[in-house]
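Visitor: Spelled out, the chains give:
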Amino acid sequence: MSVSELKERHAAAIETVNNLRERLKQKRQQLLDVDVAGYARSQGRTPVSFGPTDLVCCRTLQGHTGKVYSLDWTSERNRIVSASQDGRLIVWNALTSQKTHAIKLPCAWVMTCAFSPSGQSVACGGLDSVCSIFNLNSPTDKDGNLPVSRMLSGHKGYVSCCQYVPDEDTHLITSSGDQTCVLWDITTGLRTSVFGGEFQSGHTADVLSVSISGSNSRMFVSGSCDSTARLWDTRVASRAVHTFHGHEGDVNTVKFFPDGNRFGTGSDDGTCRLFDIRTGHQLQVYYQQHDENEIPHVTSIAFSISGRLLFAGYSNGHCYVWDTLLAKVVLNLGSLHNSHENRISCLGLSADGSALCTGSWDTNLKIWAFGGHRRVL
Amino acid sequence: MAAPSGSSSSVPSLPPPYPKSPPEYPDLYGKRRETAKVQVLEREIGFLEEELKTVEGLHPASRYCKEVVDFVVAKSDPLIPINRKNRRSCRFWKWLCRMPCFNFSWLSWICCCCYSKCSIHVELPRCCNCSDCNPCNCSNCDPCNCSNCDPCCCHPCGSCSCSIPKCWCWSCSCPRSRCCKKKSCSSVCCRSDCCDLRLPSCPDCSCPDCSCPDCSCCCSCNPCCQWKCPRLKCPKFRLCCSCKKKCCPCNPCCLFF
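So the sequences go chain by chain: A and B. Each residue of the first sequence is one higher than the one before, starting from 1 at the first, in this note's numbering. Each residue of the second sequence is one higher than the one before, starting from 1001 at the first, in this note's numbering.
Rather than coming from a laboratory, the hints here were simulated on the basis of the structure. Hints are not guaranteed to be accurate.
[Claimed, not checked] Computed list of lysine-lysine pairs in BS3-like fashion (alpha-carbon distance at most 25 Å, straight line):
#1 156(A) <-> 1075(B)
#2 1053(B) <-> 328(A)
#3 27(A) <-> 1066(B)
#4 7(A) <-> 1037(B)
#5 1066(B) <-> 328(A)
#6 25(A) <-> 67(A)
#7 1031(B) <-> 27(A)
#8 104(A) <-> 67(A)
#9 7(A) <-> 1075(B)
#10 1031(B) <-> 25(A)
#11 25(A) <-> 1037(B)
#12 1075(B) <-> 25(A)
#13 104(A) <-> 27(A)
[What the hints assert, rightly or not] Far from chain B, some chain A residues (derived; all Cβ distances over 10 Å):
#14 14
#15 54
#16 259
#17 261
#18 287
#19 296
#20 353
Backbone N, C-alpha and C fix where the C-beta goes; we use that ideal spot for every residue, glycine too.
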């Protein structure tokens, strides 16, 4: 077949793909008889109501000298690792505010960090395209720095996000600007699987975020600049299990819903969305009306432990607390007393769900907890 | 949209692309690349056709919305307030329960009722959580001897196998030394070193290896100079910044400012 024939075939194939996608979109639209908010209203649900002192900032973790870009809690103990533009990871005791480790990174341009499930190691990645692992129990070198215990090299673009596979200190998933996600074997430092890539059925632009299901650690979702989120099975690297369309901008952040059957997304289009992983249905859009020219991007999201609250950080400095059932903003952490003085860039819930940590461009992290009356069951 | 996994492609004549050894002849016209692109698209067509069939059998979204609502309302959430109607009285009782037992004699009989070892028992309203006075449920931890009915008060007994963190002092406003003066936090929680670890202030400002003429453009610590960028690919949030000088090909100093 000649090159010109191939080009014709290529053009025809693109048209077919677009037609099929449109048909699929229409069919899905027909199935969206109601969204979560509509259903919840029909059931007489009312929004969560926060008093002025219900969610309060009870700690400010000070120590970074640059913008904080990423944070992660340990799964059991109440420690946090944060990554900053100052080129350091800091490990904090969230209860005492004590810093237990301050790790100087070989590459200062860090974008993401993660705690291992056992709490023994931390991982980070950034513009050097490498995911670096630090064993917190390793002895420091003569300069007092913690040495890198393993470098995971192989990405051809920046490492945008990393997360350990639950209950496995030896496996980690990264997302990258090279349009792929990679499952790593930390013991060997080798790639176990590559998800997507130039000639695979994967993302067609930079991948910015990953989230691994807590209930089935073989499944993870990724969000990308191609405006889609994709669900992957770690046993099937060649193609995504599902591709979730709907966003009209880069998908900056993805996070599994606590039940493991759904996940949330945050995008440059200013919306957060809730998708069902088994059906592909878009169950809810969370959008606050703004001036058309100033739609703030969603930069990070996290669900409360019940899934009732969705915390979403925006590029304009707001941090909305959404009631996921009624799709209403019930609080703006960015406007509370003692809040951050700059954009909230990352956030995460403690393992027991009792505290929220936010990281900001103001160089600080803050711990938020419930200051009112606790629910007693 | 791609179809679920495990499905077969609708284009059996075209095997999935896989890495091949370099061609024996130069691919001057990009034929191999064009072929691979077509293969990827034809596989995609197969996935989409399969997904169209799958979608036919799906239930409407209301079924899954119900699942979400049922899941959420069935699960407790420590960040969510309870019904506002009850809150005032609950706060009052909680306040009473948190009062020291012996410091305020006129209240002690009420407070101690939270704990079975106390001699006087009064029926409390349902909103008063008795575990507040002995949150660790520790037999060696006698809240009547605590200086405060706070989770931290279980700390000194030492033998708790607490299900909550031993030092759950969210009310303690660390950092800095003021935290250690807060009585509701135990000394273990706010020991003197809790706020004292400070980072060295940018030790590498000298940048001995930096050949960049614009070393001062980024910040006082000049992270540009600590970093070699042979394989740099800039992330999407490359922003304009006040820094007009280019330290590196992609000007990483502008990425984060």
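Visitor: Please flag the earlier hints that this structure goes against, numbers listed from lowest up.
Guide: 1, 2, 6, 7, 9, 10, 12, 13, 14, 15, 16, 17 and 20
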